[in-house]
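J.: Given chain H, work out where chain E should sit, using these hints.
Chains H and E, in that order, give the protein sequences.
Just so we're on the same page, the numbering used here is the position in the first sequence counted from 1, plus 268.
Just so we're on the same page, the numbering used here is the position in the second sequence counted from 1, plus 774.
Incorrect hints may appear among the rest.
[Said to hold, decoys possible] Across the chosen pairs, the derived CB separations fall in these ranges:
# : chain 1 : residue 1 : chain 2 : residue 2 : range
1 : H       : K384      : E       : L836      : 28 to 38 Å
2 : E       : K905      : H       : S316      : 50 to 60 Å
3 : H       : A293      : E       : G879      : 33 to 43 Å
4 : H       : K384      : E       : N782      : 27 to 37 Å
5 : E       : D829      : H       : N282      : 52 to 62 Å
[As the list claims (entries may be wrong)] Not the full set, but computed from the structure, chain E residues with beta-carbon under 10 Å of chain H:
#  : residue
6  : S825
7  : P847
8  : T852
9  : L859
10 : A924
[Claimed, not checked] Pairs of lysine to any residue, SDA-like flavour, derived with a Cα cap of 20 Å:
#  : chain 1 : residue 1 : chain 2 : residue 2
11 : E       : K928      : H       : E475
12 : E       : K1045     : E       : P1014
13 : H       : K571      : E       : H907
Since the hints were made in silico from the structure, they are not lab data.
Just so you know, even glycine gets a beta-carbon here, dropped at the ideal spot from N, CA and C.
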Amino acid sequence: MGNYLFTQPFFKKNGKAVAIYFLVAIVFWFVFLVIIPQLYMLDLSFRSNVPPLARGGPQDFYTMEHYQHFVFGSKTSLEAFNFVDLGVFGRTILVSIMVTIANLLFCYPIAFYIAKIANPSTARLLIVSLIIPFWINELLRSFALRILFANEGVINNFLTGIGVIDQSILFITYDIGLYTGLVYAYILLMMFPLYNAIESLDINQIEAAKDLGSSSLRTHWRIVIPHAKPGIVSGCTMVFMLTVGALATPVVLSSPNTLWFPQLIYQWFNMNDNWSRGSAYSIILLIISVIFVLAMMRIFKVKIGEIIK
Amino acid sequence: MSADVELNNVSVTFGSFYAAKSVNVKINGGEFFSFLGPSGCGKTTLLRAISGFQDPSEGSVLIDNKDMFGIGPNKRPTSLIFQNLALFPLMSVSENIAFSLEVRGVSKKDRQKRADELLELIALEGQGEKKVHQLSGGQKQRVAIARALAVEPKVLLLDEPLSALDLKLRQRMRTELREIQKRVNITFIYITHDQGEALTMSDRIAVMNDGEIEQIGPCDEVYNNPLTPFVATFVGENNPLFGTVKDINQNKVKIETPDGDFLSTMNENKKLNIGDEAIAFVRPESLFIPRDGDNFDNQIEVNIESFEFEGNIKNFYATLKSGTRIKFSIPNAIDTSSISSGTKLQLGFESIKSSILPKAQLAID
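Bound-form chain H, shown alone:
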């Protein structure tokens, strides 16, 4: 058996030591860091919420109550919907989709410019200046935006100072700060897949389209975007998943009146001490993320292998 394993091409190509390291590392990562915690959460989400000591006791039983609570707001009644939680969930999904689209619209021209128009030294400079702000922690970046957008913040003070407005604009109250922060938070995860995809396009393709009479807009539509499709899908799925699961940015930047879905999960886990319900809400979020990825792949007719590339 062992001999059989060691004669496989994977072992021959990488050598025994490296191959074993890869196998162990991948198995460890996948089993211990991905599968077991997720299975544990899945299990927990279907159990009644009991203190650790009562686990396995008569009060610990399988139930749908947490999922039911998400939809109906009650363990027993199915009459009224849980508009609060459903509202937070729906808004989180919707805003995340908008954030993803905004990110795509914002990044595409820049990625195209860096990949195909800028000369190499300008391109390097631009890439570095995109990366450097992300050396700063996400939380700090969010606070920096908060300072900018606060009612007595930098922007309002500046605008009132030069007399453009006489009353502060309520950026935080209207969640403008939050949206900006979310768009900014994961922008590199849109930028780099897009850049990579566009960069690999032969410049002659663009010139050929132009030579055949195509306008710039149509060249993008017919040549560049179809070529960059895997990068677009890859960037969109990553940005969407991270945005929909963002915690730090909403905690710092959302208005006091609104909640982001992960804040709700956080509350169930940490403030209400209800891990089962928190798990159920997490599973719901996970399912939505997976559905989003599958939908993107279906809509853009892209295979999973192309996205990873």
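T.: This is chain E only, laid out in the frame that chain H set:
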């Protein structure tokens, strides 16, 4: 419909570097015209200036007597075939061919009709639904031509499109290109570093070096009467014999070299005077082993060093008295079994088959 293309004093500069320098040429409508030169000689720059990707820094490009300055490639009556063809891999063959019609808002039905016509022209009927990667090299080539012809351009520009093909296919495509050009009857401007391609297909060629045109003319004229030592050695092979002009009689010039005096023919555009430093050129195929009764204008004594077999011909490498190396070719049909390295031979060549030019840079230095 074909168009004249005129380059008036065209220069293209990148910083202080002249990629093309004061180029003047008038290409007639319906002509197959080639720019021939080594890589980096500026021929691609000229093509980009004609197609509209690069406006000239000085001078003007006229197509049908209209100055094209500032008019983009999508607005010019030209089509460019790229070196790597640049077919669109995500589109079908038909979509590729009809792309120029699609961007002009032609209806799907008419596009399909035109694509089918062109597929017939390039002998790929019924293959329009295929993806580009399913085609062979030669088929891709023909699709690129069809795509460029779909809008009925007045000028077709070709940037070494045959360089990626293997020898046999390249030779067949030469004939095919020439035939397509005759059928559609538009101006073809062809860029190549391959003198074989230029000579077989073109009506006229322009030989370029260092951004400048060295000679323009019909193929046989450029080959037989080169204007500069560069042209003499770049277009085909040539043996240079360095010396000084000893005597001039009309267009016959006697040159004195360390290996003896030779009679050569002077190009009427390149006047020489007695005492000038000059180079007489004689091509490998113009050197003969004299047979009984042969009487050549020039005799030259050589010492055979080595030879190679090329198929239809055999190439012999030999040294002259002075140590100068020369090459000559004998048709395979002639028996040369008595010649081997170390053999001393008398070769002959006619003065009419030798050209003499003022000394200047060669292409093979």
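J.: Are E:P847 and chain H close enough, Cβ to Cβ, to be under 10 Å, as the hint says?
T.: Status holds, d = 5 Å.
J.: Lying within 33 to 43 Å: is that true of the beta-carbon distance H:A293 to E:G879?
T.: The hinted range 33 to 43 Å is violated for H:A293 and E:G879, with Cβ atoms some 56 Å apart.
J.: Using 10 Å as the Cβ threshold, decide whether E:S825 counts as touching chain H.
T.: Constraint on E:S825 satisfied, holds at 6 Å.
J.: So the hint says 27 to 37 Å: do the beta-carbon atoms of H:K384 and E:N782 match that?
T.: Once the Cβ atoms are compared, 32 Å apart, the range 27 to 37 Å for E:N782 and H:K384 holds.
J.: Quick one, are E:K928 and H:E475 close enough, alpha carbons at most 20 Å?
T.: holds, 19 Å
J.: In this structure, is the beta-carbon distance linking E:K905 and H:S316 contained in 50 to 60 Å?
T.: holds, 57 Å
J.: Less than 10 Å between beta-carbons is the criterion; does E:T852 satisfy it with respect to chain H?
T.: holds, 8 Å
J.: A closest beta-carbon separation below 10 Å is what the hint needs, so does E:A924 meet it against chain H?
T.: holds, 8 Å
J.: Using the C-beta atoms of H:K384 and E:L836, is the stated range 28 to 38 Å upheld?
T.: Taking Cβ atoms as reference, H:K384 and E:L836 lie about 31 Å apart, which means the hint holds.
J.: Under the criterion that the straight-line Cα-Cα distance not exceed 20 Å, is the pair H:K571, E:H907 satisfied?
T.: Distance ~19 Å between H:K571 and E:H907 Cα, so the pair holds.
J.: Straight-line Cα separation of E:K1045 and E:P1014 no greater than 20 Å?
T.: Measuring from Cα to Cα gives roughly 18 Å; hence the hint holds.
J.: If you check the beta carbons of E:D829 and H:N282, does the distance land in 52 to 62 Å?
T.: Between E:D829 and H:N282, where Cβ atoms are some 54 Å apart, the hint holds.
Hint check: a violation occurs at hint 3 only; the rest are consistent with the structure.
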